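**Student:** If you read the sequences in order, they're chains A and B.
Per my numbering, the first sequence starts with residue 1, numbered consecutively.
Per my numbering, the second sequence starts with residue 1, numbered consecutively.
The set of hints was computed from the structure by calculation and includes no laboratory data.
Mixed in with the good hints there might be a few duds.
What the hints assert, rightly or not - Here are the computed lysine-lysine pairs in the DSSO-like style, where the Cα-Cα straight-line distance is at most 30 Å:
hint, chain 1, residue 1, chain 2, residue 2
1, B, K318, B, K347
2, B, K488, B, K463
3, B, K574, A, K212
4, B, K347, B, K390
5, B, K390, A, K17
6, A, K231, B, K574
7, B, K390, B, K355
8, B, K364, B, K632
9, B, K263, A, K212
10, B, K390, B, K632
11, B, K318, B, K390
12, A, K231, A, K310
13, B, K268, B, K364
14, B, K318, B, K355
15, B, K574, A, K19
Keep in mind that this is a model prediction, so the values were computed, not measured.
Here is how the chains run, residue by residue.
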Amino acid sequence: MPDMEIMINEFVAQLTKRKIEGSQATARLTAELLRTVVSQQRLPPTNQAMALIEAVRGVGERLISANPVELAVGNIVRRVLHIIREENFSVLTSDTGNLNLSAETDDEDTDEQDNCSVPSVAALAARNVLRAPSLHALLETMPNSAVACTEEKSNFFLKRIVMSYSFPAEKFARSRKLKLDVIEAVNELIDDIDTCHEQISEQAVEHIHQNKVILTLGRSRTVLEFFCAAKQKQRSFRVFVAEGAPRYQGHVLAKELVARGVQTTLITDSAVFSLVSRVNMVLVGAHAVMANGGIIAPIGLNMVALAARKYAVPFVVVAGIHKLCPLYPHDPEVSLNGMRSPSELLEFGKFSANMEFGMGSGAPLLHVVNPAFDYVPPELVNLLITDVGGHNPSYMYRLIADYYSADDFVLQRKSTS
Amino acid sequence: MDSRRAPRTVIDPKVRQVGFFAPPDRAQPDPSASSSSPPVFNSPSGNSLSPVMIPPARPLPFPPLPLSPLHRRSSGESIPAGSYNPSEFASPIGSLKDFNGSIPSPGWGHRGASGKHASSLPSGGFDLSAMKPNSFPAISLTTVSMVNMSAEKDGGLSGASQNERSANAKPLKEKTSKAERRALQEAQRAAKISAKAEGSKAPPAISGSVTSGTVKPAKAAKAPSQKKDSSSVAVSEKKGGDRQPDKDKKKDVPQPRMQFDDKNRVEKAKKRAVVKQTEARNRVELFRHLPQYEHGTQLPDLESKFFHLDPVHPAVYKVGLRYLAGDLSGGNARCIAMLQAFQETIKDYSVPPEKALNRDLTGKINSHVSFLIECRPLSISMGNAIRFVKTRIAKLPLTLSESEAKATLISDINSFITEKIILADKVIVSHAVTKVRDGDVLLTFGSSSAVEMILLHAHELGKRFRVVVVDSRPKLEGRLLLRRLVAKGLRCTYTHINAVSYIMHEVTRVFLGASSVLSNGTVYSRVGTACVAMVAHAFRVPVLICCEAYKFHERVQLDSICSNELGDPDAISKVPGAQEKSCLDDCTNSENLQLLNLIYDATPSDYVSMIITDYGMIPPTSVPVIVREFRKEHFWT
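All chains should be modelled from the sequences, with the hints used to inform the complete structure.
**Tutor:** Structure follows, in structure tokens:
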């Protein structure tokens, strides 16, 4: 346990100091940390899932409060919680299955029909109760035609499950199984995060036609991979890169694109408005995708999106599904923004010489504002390309229902109550 | 939101009409208000006094005053219209030749002094401290109303000249006709010029010691001779006026600009060129029609040629080099520098034997202009100024002696600079300041001289507001503005253009400068202006463009691609102050990388709420009106 504490503290410190750059790296590290948390968590004999959830949530709260602006942390914590819930139910359903099997052997005279259908129905019912409704789940339950009665039956079987906890022999095996399943699922999640770029860039050829002119701002690894994939498929296209002051990540992107043989033109951010009119598509990366389909993006993208809207150029956002945040933004420019150092804009050594701070009213004469993120409202976004395909921003709520459990949307619930 | 919307309603509908209303300090023409017109510099644009005053199509130098003998006089002769500056006043003077004698003129000496004062003003740099409209409130109160009226008439088009004239009138304090004073100024100027010029050709030599008090007799002697000349001016101008229109009609259509993807023409131009430009390595495909040269290579070459370039006057040469080096920027500064260089040229110019001054000087100016274009493409404002100079040269009466012609031209240029640039800025400031209220947050982009003057003046008036300075690479002009504003004690917020949509929430007004305003309402300005205006429009913040009327142009433009200027591409790849960030150095030679440094962009007119000019505050749809009137005033008459 102590080494666990050390790991968590170290990660929290890194997040607080903003040492980790990029939501993908953050997401991956968070998932790995949570995997360790799960594996090291000692589980009580009863109600193991709740214990796991509490543990993960406790760590998650600390991580989130370390850097509330990095939404990927919260996303991953929620994803892991969702995984635990899911795995718990699959364990439970398999338990009920076992139970039923034994019951079947014991009581031969019970109704055959009933017994056959009941386990699966129970499992599905359990899933239905605890998982947000989805089309997929609805389709799964259809053939059983037992939807109507699932409620009472699941209640019945849940009782039996609780009864079955009293068997001490099974307990150890089941706790191991839950843990192992969760860890396996988290591993899958990490794999997903790692491969999201490939998943996204596979769709590149569908979106980039021959001789297309694309504008982007700043640097996003997803965008880079997207371009590279199209280039590998022998598409020739042209990219305008806005440099993305004050961090000038656009220079890095331009260099990388040039190294891969893509026709690149580097422009200043102020020239975006002039050149958007000559561009077929604006393709940018995002920092986070909110539940309403709006995106939190590197600074400057709201301006680009407005210009794209003015000239009716499609504004396309590429983002891994780990950036999908189940929260609705309220005043995101302020509440979900980070302020970076003013020294990126003004060298104070040069400038403060002829500035007098704190004279007269006491307030400094000069403020330097250097926000890190911009909010692009969903009505300015034409398409969101994630690793599970392209979607309209209005569809985000649906994806959220697939990947998150509604109980986890508000993680801080416990501390507030 | 409320505080943001309020400004729109505040805009006075009267003002938003196509407002040729008088600048505030022109209050005195109204005789009824003459008694106690205070310096209205900071009052809301002084539009209590009939703000909308669209001038007649061909304004006569004198108003239709039934009682005035002058009026009968002037209406008898057809005098070229739109006269606003000394040279053109030659004609009214001519018409008044006999009239002057009948007017008792007790104050010759004083008038001489004042004339001297006036003429020395524009030429003596641009220290306007003496000309601040505040400093002579309601000046010519004591003069005859006739004078006032005539002053009003030609001041109706350019309030600036009014100021100058009233400045003269101040020490006068007695009855005199403006024409007389005008004549005196003329004489003074001519005397001064001829005293300076070594090749003392024509006019009665007046010693270099023409000082205020001592010239009484000389003055008196000089004035009539001057008038004689100018009477012939009137005649010749009348003649010229007949054939002028169709010639100007042709000029009216803007000449097609040089397209740099036309190989033949580029080759031809290269042969003529003085400045040897090497073409940029990676030209941006989209901008092949614009010149894309390597920067920084021509300067040493040109410097070495300094003493070998015969056709180019050293003053012009100096200005050209400063353009090239980039230490002279900003539409007004560039324009003034160019005009002053032309003044120098004209001063040192002498007509070669068997050539006409008009033609030869025009050719000379043309060659200088093409040299300047080689150094840096002209801005539209400079194009307008050049057109003004050329028209003035073309309209010089043939009867004028060489030195007189030169003197006229120099004073013409002087008055262009003072009236159309410096005083225009003052008028713009006085208009714009009325749009600043306590508690406002004003956003500006880059560094515009007009906006800076507005901010400083509003601060001087004690208005409490905050300024947001938005800056963008690669020039980072906003820093210079920021430094000047902070030094004056204004509260500032500094940010870069990407954060403009973050900061726009708190902004109540956007003040922007412009390089030019085109006649479809498009604002052609420093790159990034369009972005700022667009974001402001999206956030429902009013956008006010501050631009002098001489920068208006009848050209139309829809995008920033067809016509633009490309700056040094290397400025893009170099990030100042951050060594590790300039990572592009090693791949700038790559075929695939192009660096595009746009200088200007075009802001669509739907983002512009209002354009503040020296003619008043107008909506962007009224730009063609200003263009038309300005041309009438300057280029056609």
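**Student:** Confirm or reject each hint.
**Tutor:** Now the hints, each set against the structure:
{"no.": "1", "hint": "B:K318 with B:K347", "result": "holds (16 Å)"}
{"no.": "2", "hint": "B:K488 with B:K463", "result": "holds (14 Å)"}
{"no.": "3", "hint": "B:K574 with A:K212", "result": "holds (28 Å)"}
{"no.": "4", "hint": "B:K347 with B:K390", "result": "holds (16 Å)"}
{"no.": "5", "hint": "B:K390 with A:K17", "result": "violated (65 Å)"}
{"no.": "6", "hint": "A:K231 with B:K574", "result": "holds (28 Å)"}
{"no.": "7", "hint": "B:K390 with B:K355", "result": "holds (17 Å)"}
{"no.": "8", "hint": "B:K364 with B:K632", "result": "holds (26 Å)"}
{"no.": "9", "hint": "B:K263 with A:K212", "result": "holds (28 Å)"}
{"no.": "10", "hint": "B:K390 with B:K632", "result": "holds (15 Å)"}
{"no.": "11", "hint": "B:K318 with B:K390", "result": "holds (21 Å)"}
{"no.": "12", "hint": "A:K231 with A:K310", "result": "holds (29 Å)"}
{"no.": "13", "hint": "B:K268 with B:K364", "result": "holds (20 Å)"}
{"no.": "14", "hint": "B:K318 with B:K355", "result": "holds (27 Å)"}
{"no.": "15", "hint": "B:K574 with A:K19", "result": "holds (26 Å)"}
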